[in-house]
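Respectively, the protein sequence lines represent chains A and B. Position one of the first sequence corresponds to residue 1 (full-length UniProt numbering), numbered consecutively onward. Position one of the second sequence corresponds to residue 1 (full-length UniProt numbering), numbered consecutively onward.
No lab work stands behind these hints, which were simulated from the structure alone. Mixed in with the good hints, there may be bad ones.
Copies of the same chain are indistinguishable here, so a pair counts whether it falls within one copy or spans any two.
[What the hints assert, rightly or not] Below are the EDC-like pairs computed for lysine to aspartate or glutamate, each with C-alpha atoms no more than 20 Å apart in a straight line: (1) 340 to 133; (2) 28 to 133; (3) 28 to 68; (4) 397 to 381; (5) 85 to 178; (6) 63 to 328; (7) 340 to 388; (8) 63 to 52; (9) 28 to 126; (10) 85 to 364.
Protein chains: 2
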Amino acid sequence: MSDDAQDLGITESKSHKPGEWYAEVVQKADLADYAPMGGFIVTKPRGYALWEGIQDALDGWFKETGVDNAYFPMFIPESFLEREKDIVEGFDPEVAWVTQGGHDELEERLAVRPTSESIIAPFMADWIRSHRDLPMRLNQWCSVVRWEATETKPFFRTKEFLWQEGHTAHATDGEAWEEVWTRLDQYARVLEEVLAVPVLRGRKPDHDKFPGAETTTCVEALMPDGKSVQSATSHHLGQSFAEAFDITFADEAEDEQTAFTTSWGLSWRALGAMIMTHSDDQGLVLPPTIAPTQVVIVPIWQADTKEDVLEYSEGIATDLETAGFSVELDDRDERNPGFKFNEHELNGVPLRLEIGPNEVDDEEVTLVHRPDSEQTVADRDGIVDAVDAHLDQIFEKLYDAAAANLDENVREAHSPEKILGTIGQHGGYVKTPWCGDEACETVIKDEIAAEIVMQPVDDQGGASAGEPVRPDEDATCGVCDEPADEIAYFAKSY
Amino acid sequence: MSDDAQDLGITESKSHKPGEWYAEVVQKADLADYAPMGGFIVTKPRGYALWEGIQDALDGWFKETGVDNAYFPMFIPESFLEREKDIVEGFDPEVAWVTQGGHDELEERLAVRPTSESIIAPFMADWIRSHRDLPMRLNQWCSVVRWEATETKPFFRTKEFLWQEGHTAHATDGEAWEEVWTRLDQYARVLEEVLAVPVLRGRKPDHDKFPGAETTTCVEALMPDGKSVQSATSHHLGQSFAEAFDITFADEAEDEQTAFTTSWGLSWRALGAMIMTHSDDQGLVLPPTIAPTQVVIVPIWQADTKEDVLEYSEGIATDLETAGFSVELDDRDERNPGFKFNEHELNGVPLRLEIGPNEVDDEEVTLVHRPDSEQTVADRDGIVDAVDAHLDQIFEKLYDAAAANLDENVREAHSPEKILGTIGQHGGYVKTPWCGDEACETVIKDEIAAEIVMQPVDDQGGASAGEPVRPDEDATCGVCDEPADEIAYFAKSY
């Protein structure tokens, strides 16, 4: 939609003003726009196409692993929310309430779902009778509303956001744990293999877990500015919801048992993490795995060469489309090649093919990578294989850069001063033994707004699944120096 | 989830108590369940899979014809709703209002979207600058809320319902008309080719069109009980929303022009129409085009034949899956074949393959159609082709029966008594010339709750597109006998 050349430039710098830069990339690359009500955004077609890319991948994996999609009402009666006490305490301050229907006041307020455990659990209770009904795995793609009074940041902080929420019930604690890991692995996979964003897997400290959960596991991604993004969570809910909502089943001996439940969600925040990780001062950068347009062909002609250049370009476009790539041939007359280069860079097209009279004469094609403008000349003959290989290279460049940033930015420190100093100087994660007392987190949080974003866990399945990885036996807390048997990753976070 | 044999029987009869029968089919076939708040339902996995079938078809056609998916906020500020006067008058009585966010009263009430013209139009106004930005075609898959105080009928009448809503802007009236027809055609196609439900295309009378619309076009399906179902609508909004929200563009001469807009939607009501059309007293009937399981194989064994029968059945299942059919081999030990037959009939599996020792010995397969239990024996050798042909036959049976019902139930009548008598006796449509006065509809409506559900239109594109088809020049109104230049289809409707 950007019609004017000056619209194409990103004016803010990623390294100097990451917040302003991010907002500008999102808007100028036509991903999203701000709604008139504070805290809400409009997801424009280019942004929604990225969300559809995530949906396609994740929904397929869910279905392969026994999950059924369903749809539950967007409203939850207040009395249902109140049945699980942690949920009501956790979400009550941020619920949007429907109090009027038509011209009438409602007898009972309805919460616009902030998350759907409280409306799904009673149906599970009704539908599950016997061990043969387990496991039950339900998922819905929808939006939820959380009335937080913070600054709007598209895909990171909005009052309404798009996500999927999975809800499952199992006969045993062990099966519930397996479910938690299966989903966390799929989340890590979509971040790493689709969005080219490497992640750390872990659990949240007890004081920061999901309301009602026994354990909250998470995938965390490190942004270039040194802050961590919680990109998805997978919760072991133990029996708290099952007890509150009577989710019981007859086991093989016909004895009544209480089920174990899990819930897990990935929101468009994963999209935000991807945009922030890869994009640059020229605009959006997308891995080829999710880019709606993977290849743009920009023909460069004079009046006397136009026909040849276009014909040659069209042939290449056809070959690439036939091979399954998504290709745009940008043959607009009213724009010059330089404008087109800038525009496709802004929009994050991974690979640009430049074709002028020289390329036609030499039966070659010039390929240019986004984001680093690396340029190669390839033979026309093997163009399909060349494009395939270059798209792989581009993915690897993006992934490797992000992985290097992550590797370099996990540091150890022991003492409040060193923890504060390390995060203050480098950002990233500081790994340190922790006594488990929230007060020790507060010491750090009060100084520089860094907190424990993650604790490494045993993710090998088995009996100790989900248990914190322990430090050495004689370890002491990196903050208070008392004996410590947990490990904490401190970081600033989005 | 139905564990008990008695759960499998539909106790109500389609012909005697269609309302109760429908509710029972929906629940026993596990399509949906009633939520605790009146007017809301839960869409269970089997029901949601059908909605996904519709989405897959329609979303693909939308994308092929220039539509981009997007997502707009679910809340609309009251002041936005008020900008187009017809919308506020039309929807105000049935809006659910959010008045509290967290612990605070909101300064301005937010409507939970009943439809999104009022939140999309202002963004179109902002995004559209030049004729080069047109046409703009946006669609979203979401739910909307309309606070109607009527009895809940799953997929037909619910306060929250799933739908897609398309919103487009065009440079000319003619292009807007083309859009309206394109979408109406796609709706007719999804009903007819995916759901096997033949439809009539037409327009709503002026007094019944969408608030703010210049013309509302619709597809209507006739149910076996003689009532019509409005299955989707496509609205030409003229310039009313464009004027209310300033959707203007610079034309090629750089003069400012006002755009023409359309909106169009198909809800899960189309699903309701399909369920009601085809299903019977044994339960759900699904056309193979949308059935999540197209073929069920029921092996029939004794102890000494089990191994052979199962091996033979597995081979056939593999062949059919390889050929792209969705197949279930029901090899449960704890259920007998009769129970399985009933269960798969209840769930609407179109084709059942019965395989016992005789079939193994003779290298044959017994095929049984849903819904009419027509039975054929086919050779094992050509089983893939046979299944393909039988699924086509089943589709045709369903479509043809519904088409015959429609054909037989469009009657002409001229006089209030004859209109009332014809609808009273046969149901279906009565086609009659109409003077255009709503009062004449009221005469009929007050007596038997039949109304003008549709008027035939010129759907050939061109200058008269959307214009009512006219009766003979000397025609008089079927109700008041005054001169009539319109044609009306009266019917009872859902």
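Evaluated hints:
{"no.": "1", "hint": "340 to 133", "verdict": "between (57 Å within a copy, 17 Å between copies)"}
{"no.": "2", "hint": "28 to 133", "verdict": "between (49 Å within a copy, 16 Å between copies)"}
{"no.": "3", "hint": "28 to 68", "verdict": "between (37 Å within a copy, 18 Å between copies)"}
{"no.": "4", "hint": "397 to 381", "verdict": "neither (25 Å within a copy, 52 Å between copies)"}
{"no.": "5", "hint": "85 to 178", "verdict": "neither (26 Å within a copy, 55 Å between copies)"}
{"no.": "6", "hint": "63 to 328", "verdict": "between (32 Å within a copy, 16 Å between copies)"}
{"no.": "7", "hint": "340 to 388", "verdict": "neither (23 Å within a copy, 49 Å between copies)"}
{"no.": "8", "hint": "63 to 52", "verdict": "both (16 Å within a copy, 13 Å between copies)"}
{"no.": "9", "hint": "28 to 126", "verdict": "between (49 Å within a copy, 14 Å between copies)"}
{"no.": "10", "hint": "85 to 364", "verdict": "neither (67 Å within a copy, 61 Å between copies)"}
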